[in-house]
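Student: Given next are the chains, with one letter for each unit.
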Amino acid sequence: MSGTDATAPQEFDAHGIGMQAAAWIQRRDFDHWTQADEAALDAWLNESPAHRIAFVRLDFGWQRTTRLAALKRPDSMADPLESGKPLLSTTIRAVAAVLVAVGVATGGYWFVRNMGRTTYVTPVGARETLTLKDGSQIELNTDTVLQMASRDGRREVWLEKGEAFFQIVHNPARPFIVFADNHRIVDVGTKFVVRRNAGKLRVAVIEGGVELYGSDTAASSAAKTLTAGDVAVADASSISVLKTPVRALNEALGWRRGVLVFHRTSLSEAAAQINRYGGKKLIVADPRIGHLMIGGTFQISNVMAFAEAAQDSFGVHIEDRGDEIVISR
Amino acid sequence: MVEGFEIGRMNTDEPPSDAASAVSRAKEWFGREVLPLEASLMQYLEHNWRNASDIADLRQEVYIRVYTAALKATPEHTRQFVFTTARNLLIDRVRHEQVIPIEAAADMEALDIAVEAPGPDRIVGARDELRRLQAALDRLTPRCREAVVLGRIQGLSKPEIAARMGIAEISVGQYLTEGIYALADILYGEPPNVRRRP
Chain C
0 MSGTDATAPQ EFDAHGIGMQ AAAWIQRRDF DHWTQADEAA LDAWLNESPA
50 HRIAFVRLDF GWQRTTRLAA LKRPDSMADP LESGKPLLST TIRAVAAVLV
100 AVGVATGGYW FVRNMGRTTY VTPVGARETL TLKDGSQIEL NTDTVLQMAS
150 RDGRREVWLE KGEAFFQIVH NPARPFIVFA DNHRIVDVGT KFVVRRNAGK
200 LRVAVIEGGV ELYGSDTAAS SAAKTLTAGD VAVADASSIS VLKTPVRALN
250 EALGWRRGVL VFHRTSLSEA AAQINRYGGK KLIVADPRIG HLMIGGTFQI
300 SNVMAFAEAA QDSFGVHIED RGDEIVISR
Chain P
0 MVEGFEIGRM NTDEPPSDAA SAVSRAKEWF GREVLPLEAS LMQYLEHNWR
50 NASDIADLRQ EVYIRVYTAA LKATPEHTRQ FVFTTARNLL IDRVRHEQVI
100 PIEAAADMEA LDIAVEAPGP DRIVGARDEL RRLQAALDRL TPRCREAVVL
150 GRIQGLSKPE IAARMGIAEI SVGQYLTEGI YALADILYGE PPNVRRRP
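From first to last, the protein sequence lines stand for chains C and P. Throughout the first sequence, residue numbering follows numbering that gives the first Met the number 0, covering 0 to 328 in sequence. Throughout the second sequence, residue numbering follows numbering that gives the first Met the number 0, covering 0 to 197 in sequence.
Take these hints with a grain of salt, some might be off.
Stated by the list, open to error - Facing chain P, according to a computed beta carbon distance under 10 Å, are these residues of chain C, among others: (1) Ile24; (2) Trp43; (3) Leu57; (4) Gln272; (5) Asn274.
To be clear, the hints were calculated from the coordinates, so they are not data collected in a lab. A virtual CB, placed ideally from N, CA and C, is assigned to each residue, including glycine.
Just chain C, same shape as in the assembly (with noise of 0.2 Å):
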């Protein structure tokens, strides 16, 4: 193994190299950024795997640091869809599109980050409603990441992460569009809800309509309108789209209001969706009581409350156990 010949203390100088990494990902991250910068840093990362690794620790540090925008109030923030100044100069935008060609050659989605886009982030447990000068709002539910920029008059959304609300005032002159999950929701005045999770984007429409475009560039050409009841399910190569009553998806959507409403919800699944809220964990610990149905509304706040209603309904036995509720026969 290294370290024995005369050019490991220069291969494992950690410091020298993690500084050159650092200068990689400070120039990636702020400078004009062109395919031979990229080329350049491929070929240095391929140098030695300790350069590689230096750089893949350093990059997740700061990575993580997108996190910080949520330090911010929102409601401290200007409205970055709504100021005068336009959030991307054209300077950074050619940039950002040189940055995303390269990044479709290197499969590194992180090129795009943080190109003067505001960041969003809720906690697991936490809500937050951004709202616009224009009136339209957002709300985004526990653990959810959303990035915002205006651009060419187009109001732009990422969903990263999570679910939220959007209760967009339509103009047609400023195209509202969330992308998320290699889709593109384009507005046409409208309420829905944009939910990722495991890799499915859920996309339900209340009031209004929106466009839902795939992710290839074949499919893209045919959107789908989407129109109040419509409940989309789309993954990388299909979309599904099911009909709902819109009372049931403004019962799902309680959230906004704190509570949780279940209809015929069998009890892991009700425990499953509690538990994206963070309060203290429940669990089902036997299988047999897993398939019970559960009906009612149940403040996300008070987890003990959804463990009681179940121990009066069915009998089963509940264990507080501090963190966590164990739910057993």
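Position chain P against the provided structure of chain C, taking the given hints into account.
Tutor: Quick look at chain P alone, frame taken from chain C:
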């Protein structure tokens, strides 16, 4: 291609088929499971290797070994794998040194410390994460912090940061580079609430 699409994200339903997916799988594993162990790993190395100036290089080599292994197959028990790798590395180093440093040799038995003990590297919740990020930011030097806040949180460009801070763009680049380097050390290398370099 529309700008803003997430590009090159792996579809995790598909089996990894080529070198590129092995790299992104290994990177993802490394970020998710190995980096959170860094504070524990550093403590382990510091405890078992007296020459403090070697620690960063030893950590680097542990990372290279586990990352290289993960390119072939993702290890199942990350914590055990990382610490076994560290232990083997230290043993290799001691054996290969022409003159064994007395302090290092004296501690050879200590290399068998248990690795199952839970460390301070448990996955933190989102609130903890935000607190930790804020604390990390506060630990940067003032100019460094200013450059990072303007560039990373306010999303300003380098010329804009330079104008705001009243310094040359090249200095902005240096502050940002230092910030990127220091943040990883603060976020991963040190146990929360412990200051290693006062």
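Student: Are the hints correct? Go through all of them and say.
Tutor: Hint check results:
Look at C:Ile24: its Cβ gets to within about 5 Å of chain P, closer than 10 Å, so that hint holds up. At its closest, the beta carbon of C:Trp43 sits 15 Å from a beta carbon of chain P; the interface hint therefore is violated under the 10 Å criterion. With 10 Å as the threshold, the beta carbon of C:Leu57 comes within range of chain P, its nearest partner Cβ sitting at about 5 Å, so the hint holds. The criterion of a C-beta within 10 Å of any C-beta in chain P is not met by C:Gln272, whose closest approach is roughly 18 Å, and the hint is violated.
Hint on C:Asn274 is violated. Least Cβ distance to chain P is approximately 13 Å, over the 10 Å limit.
Checked against the numbered hints above, the structure violates hints 2, 4, 5; every other hint is satisfied.
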